[in-house]
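Following the hints, put chain B in place on chain A, whose structure we already have.
Below are the chains, spelled out letter by letter.
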Amino acid sequence: MTTVLRRPRGQRAVGEEPDVGSVPGSGPIVSIEDLRVSFVRGDREVNAVRGVSLGIERGEILGLVGESGSGKSVLGLSLLGLLPTSPSPRVSGRACVAGTDMVAADAETRRLVRRRHMGAVFQDPMTSLNPTMRVGRQVAEAAAAAGQDVASLLDSVGIPDARRRMEAYPHELSGGLRQRVMIAMAIAGNPSLVMADEPTTALDVTVQAQILELIRRLCDELGTSFILVTHDLGVAAQVSDRIAVLYGGRLAEVGPATSIFEKGRHPYTAGLLRSRLVLDTDRTRPVLTLPGEPPDPRSHPPGCPFSPRCDHHRDDCDLALPELSGGGGDATAVACLHPVGVDDVTADETAMVAEWPAVPASTGGRDPAVIVHDVHKDFPLRSGPRRTRLQALRGVSLEIERGESVALVGESGCGKSTLLRAVAGLHGVDRGEIEFSRGMSAQMVFQDAGASLTPWLSIGELIGERLRGEGLSRAGRAAKVSDALALVGLPAEVAAARPAQLSGGQRQRVALARATVVPPGVLLCDEPTSALDVSLAATVLNLIGRLRRQLGMAVLFVTHDLAAARIVADRIAVMYLGRIVETGPSDRVCGDPAHPYTRALLAAVPEMGRTGTRIGGEPANPIDPPTGCSFHTRCPDQVPECASRPQVLVTLGVGPGSRTRSEGSEGLDPGIRQVACSRLAPPSEPSPTEPSPTGAAASDGGEI
Amino acid sequence: MIKLVVKRVVSMVAILLVLSATIFLLQKLSRTDPVHAYLGANASKAAIARESHILGYDRPLVDQYFHYVKGVLTGNLGNSLRTRRGVATDLGAYLPATVELTLFGLFLAVVLGGLLGLASAGRWRGAAAFRLIMVSGASAPAFLLALLGILLFFNRLHWLPATNDTAYNNAPTGPTGILVVDTLVHGQLAMWIDAWKHLILPGLCVALGPAVSIGRVLRTSLVTTMRSDYVRTARSKGLTERAVLLRHTLRNSLNSALSMTGLQAGLMFAGVVVIETVFAWPGIGLYTDQSIPAADFPAIGGVTLVLGVGYVVINTLVDVLQAVADPRLSLA
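So the protein lines, in turn, are chains A and B. Every letter in the first sequence is one number past the one before it in the working numbering, and letter 551, counting from 1, is 551. Plus 704 on top of the position in the second sequence (first one is 1) and you've got the working numbering.
Looking at chain A on its own, in the form it has when it is part of the complex:
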């Protein structure tokens, strides 16, 4: 600990730095005027920001929303004066922070503005903290000038046992705590402005909700302004005062958060809102999507950048760039010649509603594609006498019917991906069985489609690989490949391309084509949409929904997002610390959650002004899971016996709102619901020590 830390607040180190920036408390903290940033890569110019003017008031949270390539991160880095140096950027316009223009100022002045007036929180707290420096020292570095006490800083961002945690290295902290350390670092210098670039994207939904709350609280208590850069309009709406929607390096719409969220007038804003997955999205038909893909920043159209995807598009849209107009009061300023609700031409939503293809009639009765029976999986962390094992799966049983779609939902570390990989056969299990029915095979689609495609093979070779040994001629194979591409909505020419030439959405389509060129019995999806932009995610979900119906595949879909799970799956299984704690039909699990953990997950789905039972903390340590119900350490409804009673799945009645246990689960009723909560379990039952498979332990049918 340096002595600097003990200096009283507000007193600056001798010889620290010359005065930089304006008098505090007057005028907007940020004023951006006609900011343009472009990078030259090779012989092409990438236009990241194309003329943005924007102000941020003191004590305000501004949500900066946009898809990848919209220029939102470049805008944030311009304000910090930290644009990447290669490829070298061309910047014009003004981006004033606390009175200093971060575009025109030299490197040393920009550094002093950052030191005195700014803080930053970045997306991935694992990679954004120095792995070889204790977190206390990292915070102290930022706090030095303001003389704040590190322990009280860590305390103020909700890190329990702050004095001890100061001595920790980043890898010794959980993801949520790491992001809190980042936030402590960002506010350590008493900044006027914190730039938070996707601060919750790498976090679980429950932790995301906690971090957003923290940002709102810090803004209210300290009067610090925040720029919240995010791709998720829901996240921005939850805490922001104002929202600026960026599209193609231009502001599409700016206004108060409520106005944007409730009556966004730019067709892009409206489209984003439409394609957002929420818990009451109609799941009987494909989700409404924004057609097309985000713009290519190398070749913007001369007119409105959104025009190629716009359903309000008219000829005059393509003539010139539309300027922001309107605004003031509750109204939003919008850069559109024909905004929604003024002179609607095709704003008829029903025209865009599609239907699912017809499903071949089920043979009826019980016909499972895969049976997972009481599967256990440990990962040894350290060998030798003091060996520890991470218990990833602690007795999971699951049946997937032919053609059925099941979603596994839970926070990171709950074992959902381990289970998926075990079903895929990517690793073995320690105990239990995974049985495929005859003729059933599995294929997997991964989260990062870019990384899961070998870069030096062409798309045709990647897909064609799976056709080896089928005895096909070269032409027959090529025909099969283009069929598979057509099925995922890609032209046959894509077969000649390499993965790097495709966009993120196209790569995920290729991954799907590879998995379905020989239709598997079960399609295994590991968060295939979480790396995609909102509008693309909806498209991919629709594609999976259509493919499984057309090809009659069962789907096992892993996600941390209950809203996406509800859309894609007939049945949801909620996992916590290696066990299924609740399972049932998607609508019932989301509409009437029985387990407190499911309720907490639902409450954490970002939504404007949502309140509910937020849970604190993060999942317990899977090396040494809590006894009894493993959730009891975080459960808002826990009673003393939760810590001792075994965690057993019991079957609930199917009536809405009823908590009646029904007769055993023979003959797999698709409407069946099972919950592993000791408060819902029968009080005196001969208790097996392990959770029983498929809820067979539930035998008597009394009311609770």
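Everything labelled a hint here was simulated from the structure, so no lab data went into it. Heads up, the beta-carbon is just placed ideally off N, CA and C, and yes, glycines get one too. All the given hints hold, so there is nothing to weed out.
Computed, partial: chain B to chain A, Cβ under 8 Å:
id, residue
1, Y934
2, R936
3, T937
4, R939
5, L943
6, H952
7, N956
8, A1029
9, R1032
Leaving out everything else, chain B in the frame of chain A:
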């Protein structure tokens, strides 16, 4: 930490067993008759057979090997066929000079490598020049550097001596055998300066190649680290570039440079043999150089074992340093 050392000692024993076995096998394959060499070219067949029996060379190879290993365990490395002294005694006389040269070379390599890495990773005009030095340095073999060094600094400029480790006949030989230490212990300042003068040129020749390798690895690592998220975080705090480089970048870039140092230390032992011969440095390189033509296998075996121990020790040290630099690596 203790666990690591124990593990390393075990692996060292295994390495030494394999090394000595290899030496024995090579001896058998080489078809040179050490006893013949020992007795001289004119020795009679009978004399050779008698001497072979005395020395144990007529026994089966496995027997000979076990006999040798037993000796090693009790500190007996056998007798040199050339010097007629115990190999252990010979090593005691020649090893300190080599240790002196190797440690100095390693130190120079690390310092120069670090400077080269830092200088060439920076965003300044000179960086390209340093990169050029590194490329040309890497392509020059050590013996060539040695010859050029002698030509320039001895023949032309008369700045530095070209042979041996001292110009004095009465230089102290104890207590450590390392001349730059011993002369200081005995208070012989003139001899101390002379010892350094003798050390500089061979030390540089030994160090230059490894320094370039270490520098290149460090540079690559620094450049990658400079682009990392946490360095961006450090900049966002408004730290000076100097603080960003020294506090956040350097330590995170050390790992691969340390690995390379361990690797180069091993190669350096091989380089030392050549350099010692060129500079007539009285170390085990010279000793080995003289032992090989005489087919003096006990001597060669002894040298090999000592180098093996040195290699394992240095690499254990590298492992410990890596774990110190990066707390994510546990020492288990």
